[in-house]
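So the protein lines, in turn, are chains A and B.
Just so we're aligned, residue -14 is where the first sequence starts under the working numbering, counting upward by one.
Just so we're aligned, residue 7 is where the second sequence starts under the working numbering, counting upward by one.
For the record, the hints were derived by calculation from the structure and aren't laboratory data.
Glycine included, every Cβ here is placed at the ideal spot set by N, Cα and C.
Check before you lean on any hint, since a few could be wrong.
Label-pair restraints from in silico Cβ distances [claimed, not checked]:
#1 A/K220 to B/L201: 31 to 37 Å
#2 B/I26 to A/V18: 55 to 61 Å
#3 B/N116 to A/L37: 46 to 52 Å
#4 A/E239 to B/V99: 43 to 49 Å
Cut-off 27 Å, straight-line C-alpha distance, at most; resulting in silico cross-link-like pairs (DSS-like, lysine-lysine) [as the list claims (entries may be wrong)]:
#5 B/K145 to A/K255
#6 A/K196 to A/K93
#7 A/K220 to A/K52
#8 A/K98 to B/K288
#9 A/K38 to B/K145
#10 A/K196 to A/K98
#11 B/K198 to B/K288
#12 B/K288 to A/K93
#13 B/K235 to A/K96
#14 B/K145 to A/K49
#15 B/K288 to A/K99
#16 A/K255 to A/K65
#17 A/K49 to A/K38
#18 B/K186 to B/K198
#19 A/K255 to B/K235
#20 B/K233 to A/K255
#21 A/K38 to A/K255
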Amino acid sequence: MAPTKKKAGFFTNLYRFREYYIMLIPGLLFFLVFCYGPMYGLVIAFQDYYPLKGISGSSFVALKHFKTLFDNPFFLSVLKNTLIISIYKLLVCFPAPIFLCIALNEIKNAKFKKFAQSVSYLPHFISWVVVSGIILEFLSPSRGPINIILQNLGFEPIFFVAEPKCFRGVLVISDLWKSIGWGSIVYLAAVTSIDPSLYEAAEMDGAGRIKRIIHITLPALAPIVTVMLIMQSGKILNDSFEQVYNFLTPVTYEVGDVISTFVYRMGIQKMQYSFTTAVDLFKNIISFGLVMLTNYVARKTNDYALW
Amino acid sequence: MADTAKRKRKRNGEDWFVDILAYGFVTLLSISILLPFMQVITISMSPASVVNKTGFHMFPTQFDFSGYQQIATDPNFWGSYLNTILRTALGTVCGVLVTMLTAYPLARTNLPYRRGLMMFVVFTMYFSGGMIPKYLLVKSLGLTNNFLVYILPCVITGFALIITRNFFMGIPPALEESAKIDGATNMDVLFKVYLPLSTPVVATISLWYCVQHWNAWMDNMLYVTDKAKYVLQYVLQTILTNGQTADMEAMGDMIIHTETMKMAALVLSLIPIVCTYPFLQKYFVKGMIVGSVKG
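Please work from the sequences and hints to get the whole structure.
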């Protein structure tokens, strides 16, 4: 429609599409202030930041805080905890929804299936505050069923959340409890797109149920499983503050303190702003690199990525 | 004859094996999800004498609602409940509005600088400034102890925006053009043409924002010290950790919360979720599928 086809200037574009750009203002302002604002605030990782002096008044110390990072005994143990907990979760909480999906797919009783799905999705909608309250009550040494069974078998009751040996287990199991049902949805979506005639044909050819699972259900799940696995391994440094904070007590710091809880304690409570920002930045850079890498791999292997 | 025999063939060992495994696993999972809820409900309505007894507490044997009475008389609890309802309502409405407003121009394929703007949004999903810079920023903006701190810093999410934009991109542009010929403005098009066509995605993102706001407590812990502005989840946390944490002195003026009272508070906080859950479930699931499909 436009008489000339040459590229319009910046202001011409801005004017021609002004109505659209005006609509974008609230949303973009949000991202600019609350997402890019804190990124600007990252400069305090390279400063000795004092709140009274502000960002412009604090002295520049270059990589001082990053150099002390690895000399800090707490940081190393926190990094180790983060990695170990993430790996445990990857090993347990990643395959579980796939098993659930396969099991649900084998259940032919529609009512029971619906009920089980409703029950298993429920914990996803509850905050970690409430979940931790529920789990703590359930693991109580005097009222928790597991402890009562242990006692009946002649063992001492265990205060799971305050026992360093069990603490990571509690984190993994509670994560499993909260996420297994919801996590299965994405796999169920893949399974429901399987043509039912495939199963019938396989049955006609004499394939038993196990064979049908192995040769029909699993191949249908394989692409999405690969993608999810790659994505999950990219998030290995992203610990869950909301979860860990609600379970963590000083007795379990040595095994359960992760980067985010450490940053909160040292940063917000003890006001070591610069050092903790350096810790967070270190984590975020590695995390960003990992996610980019895994996203790239996912795209290459499956022609599928989140975007 | 052979045909019917095949169709109604007897279940063999393998069928039983798979059935037992599948039903067994799913049953076990359902029970292990329900049991903790049952224990919490039972404790919340039992007298102290029963609570302190060692043993299973899956079904209430004696009833005593003093836990609920104690919680009901706690003004902090109801104040925070009201704050959470307010925040959820306001946060969801603002979130959906801003998401739609932002998604609409970004869904136009002829908008100049669209790719750059999308990159601007997507980058925030992969990289963030972290807890401390955000805390200092919110403080310097004077949002601490301000109710707006519950809305502004988390008004929309990049993910919801992208899902909405992808949905909008599926709406034929001819609809917009013909509405404009009839004299409609962009706002008319968005709210009178796009909105009615986008109920699945709008329902989905509303529910996401709703759940996000109902369950939020970190912003309260970080930015709000005024007890009158506390939200439910944070008050629950202080109630639950009362008596366990080292900062007992800080809460010295509060009542020591008994087990029944804590559990009653948990149950009361769960009621809205459990009541709306059956109605909303279909949208949650649909939304997850919308979200998992690449746009």
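Going through the hints against the structure:
{"no.": "1", "hint": "A/K220 to B/L201: 31 to 37 Å", "in the structure": "34 Å, holds"}
{"no.": "2", "hint": "B/I26 to A/V18: 55 to 61 Å", "in the structure": "57 Å, holds"}
{"no.": "3", "hint": "B/N116 to A/L37: 46 to 52 Å", "in the structure": "50 Å, holds"}
{"no.": "4", "hint": "A/E239 to B/V99: 43 to 49 Å", "in the structure": "45 Å, holds"}
{"no.": "5", "hint": "B/K145 to A/K255", "in the structure": "16 Å, holds"}
{"no.": "6", "hint": "A/K196 to A/K93", "in the structure": "17 Å, holds"}
{"no.": "7", "hint": "A/K220 to A/K52", "in the structure": "25 Å, holds"}
{"no.": "8", "hint": "A/K98 to B/K288", "in the structure": "15 Å, holds"}
{"no.": "9", "hint": "A/K38 to B/K145", "in the structure": "14 Å, holds"}
{"no.": "10", "hint": "A/K196 to A/K98", "in the structure": "22 Å, holds"}
{"no.": "11", "hint": "B/K198 to B/K288", "in the structure": "25 Å, holds"}
{"no.": "12", "hint": "B/K288 to A/K93", "in the structure": "20 Å, holds"}
{"no.": "13", "hint": "B/K235 to A/K96", "in the structure": "44 Å, violated"}
{"no.": "14", "hint": "B/K145 to A/K49", "in the structure": "26 Å, holds"}
{"no.": "15", "hint": "B/K288 to A/K99", "in the structure": "11 Å, holds"}
{"no.": "16", "hint": "A/K255 to A/K65", "in the structure": "22 Å, holds"}
{"no.": "17", "hint": "A/K49 to A/K38", "in the structure": "19 Å, holds"}
{"no.": "18", "hint": "B/K186 to B/K198", "in the structure": "12 Å, holds"}
{"no.": "19", "hint": "A/K255 to B/K235", "in the structure": "24 Å, holds"}
{"no.": "20", "hint": "B/K233 to A/K255", "in the structure": "22 Å, holds"}
{"no.": "21", "hint": "A/K38 to A/K255", "in the structure": "18 Å, holds"}
Checked against the numbered hints above, the structure violates only hint 13.
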